[in-house]
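K.L.:
Single-letter residue listing:
There are 2 protein chains.
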Amino acid sequence: MDEQKFVAGLKKKFPFHYGLGIGDDASVVGSHGHFQMVSSDILIEDVHFRLQDISQRELALKALAVNISDIAAMGGRAQYFYLGLGFPSRLSGKELRHFFTGLSQGCRKWQVELAGGDYSRAQKMSIAVTIIGQSQKPVLRSGARPGDLIAVTGPTGESALGLKRLLAGEKRSPYIRAHQRPQPQCAQGLLLSRYANAMIDVSDGLLLDLSRLLAASGTGAEIAYEKIPVTRSFQRACRRYRFSEKELVLAGGEDYQLLFAISPRQESRLRKTKMVYYVIGRVTAGRRLLVREDGRPLQVAVFGFDHFREKPAGMK
Amino acid sequence: MDEQKFVAGLKKKFPFHYGLGIGDDASVVGSHGHFQMVSSDILIEDVHFRLQDISQRELALKALAVNISDIAAMGGRAQYFYLGLGFPSRLSGKELRHFFTGLSQGCRKWQVELAGGDYSRAQKMSIAVTIIGQSQKPVLRSGARPGDLIAVTGPTGESALGLKRLLAGEKRSPYIRAHQRPQPQCAQGLLLSRYANAMIDVSDGLLLDLSRLLAASGTGAEIAYEKIPVTRSFQRACRRYRFSEKELVLAGGEDYQLLFAISPRQESRLRKTKMVYYVIGRVTAGRRLLVREDGRPLQVAVFGFDHFREKPAGMK
Numbered sequence: 001m002d003e004q005k006f007v008a009g010l011k012k013k014f015p016f017h018y019g020l021g022i023g024d025d026a027s028v029v030g031s032h033g034h035f036q037m038v039s040s041d042i043l044i045e046d047v048h049f050r051l052q053d054i055s056q057r058e059l060a061l062k063a064l065a066v067n068i069s070d071i072a073a074m075g076g077r078a079q080y081f082y083l084g085l086g087f088p089s090r091l092s093g094k095e096l097r098h099f100f101t102g103l104s105q106g107c108r109k110w111q112v113e114l115a116g117g118d119y120s121r122a123q124k125m126s127i128a129v130t131i132i133g134q135s136q137k138p139v140l141r142s143g144a145r146p147g148d149l150i151a152v153t154g155p156t157g158e159s160a161l162g163l164k165r166l167l168a169g170e171k172r173s174p175y176i177r178a179h180q181r182p183q184p185q186c187a188q189g190l191l192l193s194r195y196a197n198a199m200i201d202v203s204d205g206l207l208l209d210l211s212r213l214l215a216a217s218g219t220g221a222e223i224a225y226e227k228i229p230v231t232r233s234f235q236r237a238c239r240r241y242r243f244s245e246k247e248l249v250l251a252g253g254e255d256y257q258l259l260f261a262i263s264p265r266q267e268s269r270l271r272k273t274k275m276v277y278y279v280i281g282r283v284t285a286g287r288r289l290l291v292r293e294d295g296r297p298l299q300v301a302v303f304g305f306d307h308f309r310e311k312p313a314g315m316k
Numbered sequence: 001m002d003e004q005k006f007v008a009g010l011k012k013k014f015p016f017h018y019g020l021g022i023g024d025d026a027s028v029v030g031s032h033g034h035f036q037m038v039s040s041d042i043l044i045e046d047v048h049f050r051l052q053d054i055s056q057r058e059l060a061l062k063a064l065a066v067n068i069s070d071i072a073a074m075g076g077r078a079q080y081f082y083l084g085l086g087f088p089s090r091l092s093g094k095e096l097r098h099f100f101t102g103l104s105q106g107c108r109k110w111q112v113e114l115a116g117g118d119y120s121r122a123q124k125m126s127i128a129v130t131i132i133g134q135s136q137k138p139v140l141r142s143g144a145r146p147g148d149l150i151a152v153t154g155p156t157g158e159s160a161l162g163l164k165r166l167l168a169g170e171k172r173s174p175y176i177r178a179h180q181r182p183q184p185q186c187a188q189g190l191l192l193s194r195y196a197n198a199m200i201d202v203s204d205g206l207l208l209d210l211s212r213l214l215a216a217s218g219t220g221a222e223i224a225y226e227k228i229p230v231t232r233s234f235q236r237a238c239r240r241y242r243f244s245e246k247e248l249v250l251a252g253g254e255d256y257q258l259l260f261a262i263s264p265r266q267e268s269r270l271r272k273t274k275m276v277y278y279v280i281g282r283v284t285a286g287r288r289l290l291v292r293e294d295g296r297p298l299q300v301a302v303f304g305f306d307h308f309r310e311k312p313a314g315m316k
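If you're matching them up, the sequences are chains A and Z in order. Be aware that the first sequence starts at 1, since it is given in my numbering, and climbs by one per residue. Be aware that the second sequence starts at 1, since it is given in my numbering, and climbs by one per residue.
In case anyone wonders, no lab produced these hints; they're calculated from the structure. There may be inaccurate statements among the hints.
Pairs count within a copy or across copies, as identical chains cannot be separated in the list.
Claimed, not checked - Subject to a maximum C-alpha distance of 30 Å in a straight line, what follows is the list of computed DSS-like cross-link-like pairs (lysine-lysine):
hint, residue 1, residue 2
1, K246, K274
2, K246, K227
3, K272, K94
4, K164, K124
5, K5, K274
Since the structure is predicted, the reported quantities are computational estimates derived from the model, not experimental observations.
Just chain A, with the same shape it has in the complex:
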């Protein structure tokens, strides 16, 4: 089963009459400049994280961050959330308190509030967060038009590099930190709601998330690899550990940068703000996603990615 088929099947089986349901970063219900967005994400021990790799405090912050990112990706402001926590009895009460300390820090940092939830014992720790936000003008995945520019708010691949190093036994590095403490692009998302035609957060990899945005918009794109932001130290780290830089940049997940399509006219306006972003390509009329490096097409299929085919079951 692939995700796109699965989601398409669900959309058909479960029509949603209150607004926009399954298929974007969040649902959208509302009208006339008052929209409520809701997003729901789960994190499960030994699927999304291993307890030895991340502290309870960081885990709570991360669970909150990835949900806040979904609201930011639609140009909204996150307000409050619900927590469904499955907590293993093998962990101590102290660990549980650390989790709630992290959650409380996240609430202050991102100005969100805990509104309710549920708690249960569990064999494997699981964290389900449902977050509610609002927007005057939600930005959907489906608004990209041929001729739009494609841009990203920052580098991708750093979190994936951190994860690889964690799995190799390393304890600390800026990349491990990027993996453990993702930063949702809240201010950027809000600002972009005034300029962008379509938006998504890069949670599962630049090309995969871009392909979702393009599929929703019914368009294709051409990306110039050399325009994607990559730091010198990231390149050095890739060489040192013999990681494929392109694979990390194009297919590495969990950076939570915002990826957006914007008309050239709006982009010239956005340029006057102080927001940092990088134009990496252009939306095309076809359905193809083409990545070039200095003009030569890249075989992106070698990165486990083949145009609109998605990752196999499991999805994350």
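Once you have looked at the hints, place chain Z on chain A.
P.N.:
For chain Z alone, coordinates are given in the frame of chain A:
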């Protein structure tokens, strides 16, 4: 750790400024006759259910039912929900389809819609549902006043009897069915929003849930055991299997009946509707919860229940 302390600690650590947050069946945000309620519940394999005891279809219906019941318990109408599904790869795609078939049946039955969610592999199946509903006049747990009558919409203990028989290896009986297919009291909840002062659903046991309502209201109560509805066949089944009838009726969970406090004046109005309910006691000014049988006090502590002390950690 006991739940009441845990929840009180969370309420203090996580103030909620949008409305009513932690501590009732659902959060409530809104004003002037337009209130949005949100409730979030998790069901985890081998904690809340065993896969051999319930079909995927019934499991989906049950996950939906318990959340809808939370909205009904506040006098609201459930509208749409978000699903966070952790699904074990040892289960087949067919099982997954059965789950969504059940979910779809629940949507039709209770007039709710799936608005979004998340899906992941998991070692143990986990189902997180966050449901959104609305009400013109939410009924909180905290509105009971001394002199109010206490009533319940139907028998309790039947689901717990069903669970005991399931664990003993029985496959089918009306009680097992009551356990596998709980029926949220939607119409009753809506009607009661016009009459009741306080309400809760009986998810964790009559006395435990009553104690929560009383604690939230700052009141006590006197209950007459002989007024709690119990069917003849239930009594016979208890005798046959040597189960303590009182323990099941007073402490058995998952019946999802509504338990409410109502002023005598409103109760005389409610009597004119066709709704079935049973007055089982009265709210008192103290903080004590006293259960009598034909006038003689019952030692309710023997049912694992001691006034305002809650169940130990785990909570469900």
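K.L.:
Please go over all the hints and tell whether each is borne out by the structure.
P.N.:
Here is how each hint holds up against the structure:
1. Only within a single protomer do K246 and K274 lie at most 30 Å apart by alpha-carbon distance; the minimum there is 28 Å, versus 69 Å between protomers.
2. Only within a single protomer do K246 and K227 lie at most 30 Å apart by alpha-carbon distance; the minimum there is 12 Å, versus 72 Å between protomers.
3. Taking CA atoms no more than 30 Å apart as the test, K272 paired with K94 passes in neither setting, with 49 Å inside one copy and 54 Å between copies.
4. Taking the closest pair of Cα atoms, K164 and K124 come within 30 Å of each other both inside a single copy (22 Å) and across two copies (26 Å).
5. Taking the shortest alpha-carbon separations for K5 and K274, neither the intra-copy value of 40 Å nor the inter-copy value of 47 Å comes in at or below 30 Å.
Against the hints set out earlier in the document, violations occur for numbers 3, 5.
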